[in-house]
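Colleague: Each chain, letter by letter, is given below.
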Amino acid sequence: MSQIELRDIDRVFEIGDTRVHALKSISLTIDAGEYVAVMGPSGSGKSTLLNILGLLDRPDRGQYRLEDREVGALPPDQQAAVRSRRIGFVFQSFHLVPRLSAAENIALPMVLAGIAPAERRRRVAEALADVGLEARAQHRPQQLSGGQRQRVAIARATIMQPAVLLADEPTGNLDRATGAEVTALLETLNHGGTTLIVVTHDPALGERAGRRLLMEDGALSDDRRR
Amino acid sequence: MRIADLLRFALRAAAGSPLRTALMALAMAIGVAAVVVLTALGDGARRYVVNEFNALGANLVIVLPGRTETGGVGIGTLSASTTRDLTLRDAAALLRADGVVRIAPLVVGDAEVSSGGRLRTTYVVGTTADFARLRRLELAQGRFLPDEDLERAGSWAVVGATIRHELFGAKPALGARLRIGDRRFRVIGVLAAGGQGLGMNTDELVLVPAASAQALFDTSTLFRILVEARERSVLARVKAQVADILAARHDGERDVTLLTQDAVLGTFDRILAALTLAVAGIGAISLAVAGILVMNVMLVSVAQRTGEIGLLKALGAPPAMIHRTFLAEAGMLSLAGAAIGVLLGFAGATALRAMFPELPAYPPPWAVMAGLATAMLTGIGFGILPARRAAHLNPVQALARGM
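Those sequence lines, one after another, are chains U and Y. The opening position of the first sequence corresponds to residue 1 in my numbering, with each subsequent residue numbered one higher. The opening position of the second sequence corresponds to residue 1001 in my numbering, with each subsequent residue numbered one higher.
Watch out, some of these pointers could steer you wrong.
To be verified - With the Cβ distance kept under 8 Å, some of the chain U side facing chain Y (calculated, not the full set):
no.	residue
1	54
2	56
3	57
4	114
To be clear, the hints were calculated from the coordinates, so they are not data collected in a lab. Idealized CB from N, CA, C, for every residue including glycine.
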């Protein structure tokens, strides 16, 4: 049994009168703890695939099983619960709430999940230590560098100990050196057992992944393991 | 999400855009302040009228000879056809009624009043010592008619301020002789100027004992009897007893008319209470306008925070939770605005009282509560649409907007 099983996933967008077939009958299985890079040209459907894996979007057809449970067709509230507990997101542009401090941004998923303040403080302190930002806990996002912001975002993505970490161009807004740091951080998490799925344009980042999926025109054109 | 976290999150979001928050709170504050000040004004006017009536004697039962079908106090009711005289003995008998504090018979007519060669025609009122207490008449000099037997035609007179001035000028009035019609009186008191009430200006009155006035006008009937009850609550009972006593004395004939100011006062009270409600309604309209502003501002807020809403969804917030955070924000802003509005309203009412000391412009508690409740309801009510819009945003599109 695989952790993620996609079967015959279709996603069609209607923009004006044109129908864009973003995903064409995608079938895919990913095991727990895998490190997967999704690559391909712009508009090939990689972001749509990631959104469907993250339950932010619904397929028009096909099944999505996560940890042996059909999640693609769950009602919104239950999908939200799955996102809260099992899935972490890392975005290209970090998506930190500007009015909240680094510590508060990291605590946000726990606040939404209703976890008690004492437990939150303990876990935030741990997470800040893990990403090396203990000294920046009370800083606002705009007081942090890009690399620091992405580390805060990664701490936030993993604070609920998700099974799957989805990263959309995590190094896209960073210079090479900071990008490498962030990649290393993500890989450390992957070594700890978290499934890591990264959408990227960066061949260097793609090369590091244990498995590379190549997408073209809404379909998987290559699936290569190292 | 815990309640405390929900409130803190909403509060931080509100504090995150101070201008927007201040505008919303200000709109609410103005609306609530309008309700508070307008109702204070309306209720102040109502209290003012009620107080004035009470000063006139809201505890009075007025007995008129003759039976009329009309209600209300006015000169028109004086022309009722008399079937039987209302006598001084009738008046004295009314003191037996339970709950009656005092009575005052009235005999009224106009007569020529002269002194030292000066002459004028004015109203002469025959009554008793209790009339002064009943009508709360103030004396400028001397004393009022003495307490004496009702039937005794004493020759003392009390004059109003204008009469004193016109007949005596700078000369002392107390002790002076006064001729009224063909009878002689001695002035024992002068009323304080500015007395008003029951359609009579006491400045132009000459008051003499009731029996003297009857002799003067050659009549045995009374114009009215004023009966003062202990308090307003016993007025109905006093009225019934007065009717019974007079009927018993008039061979079972109910040939008098009994008036109370209660009916008039009640009508004024109701009219002004309705007026207060109406101005409260006008204030409530400004609250509705504030509510629409709340909606507008919240919609802008949803638009500005689209990226954040997408993030909250990605982090596992179900639609209902996003709905709640926006409603909590609207509710908190409305509450803060309403609280400021109540303070402003009370300040406004205080200013009104300072400007018009005779107007008891206190905001009625019901209006304050209603203003607060309406503010909360409109704030949250108009917050529903923006909150729903936020809750149902497509997370993929929302996230694409950035933070």
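Colleague: Each of the hints needs a verdict: does it hold here or not?
Modeller: Going down the list of hints, with the structure as the test:
Interface hint at residue 54 of chain U: satisfied, since its Cβ lies 7 Å from the closest Cβ of chain Y, which is below the 8 Å cut-off. At a threshold of 8 Å, the smallest CB-CB gap from residue 56 of chain U to chain Y is about 5 Å, leaving the interface hint in force. A cut of 8 Å between beta carbons decides the hint on residue 57 of chain U: the least distance to chain Y is about 5 Å, and the hint holds. For residue 114 of chain U, the suggested interface contact is upheld, since its CB lies about 5 Å from the closest CB of chain Y, less than 8 Å.
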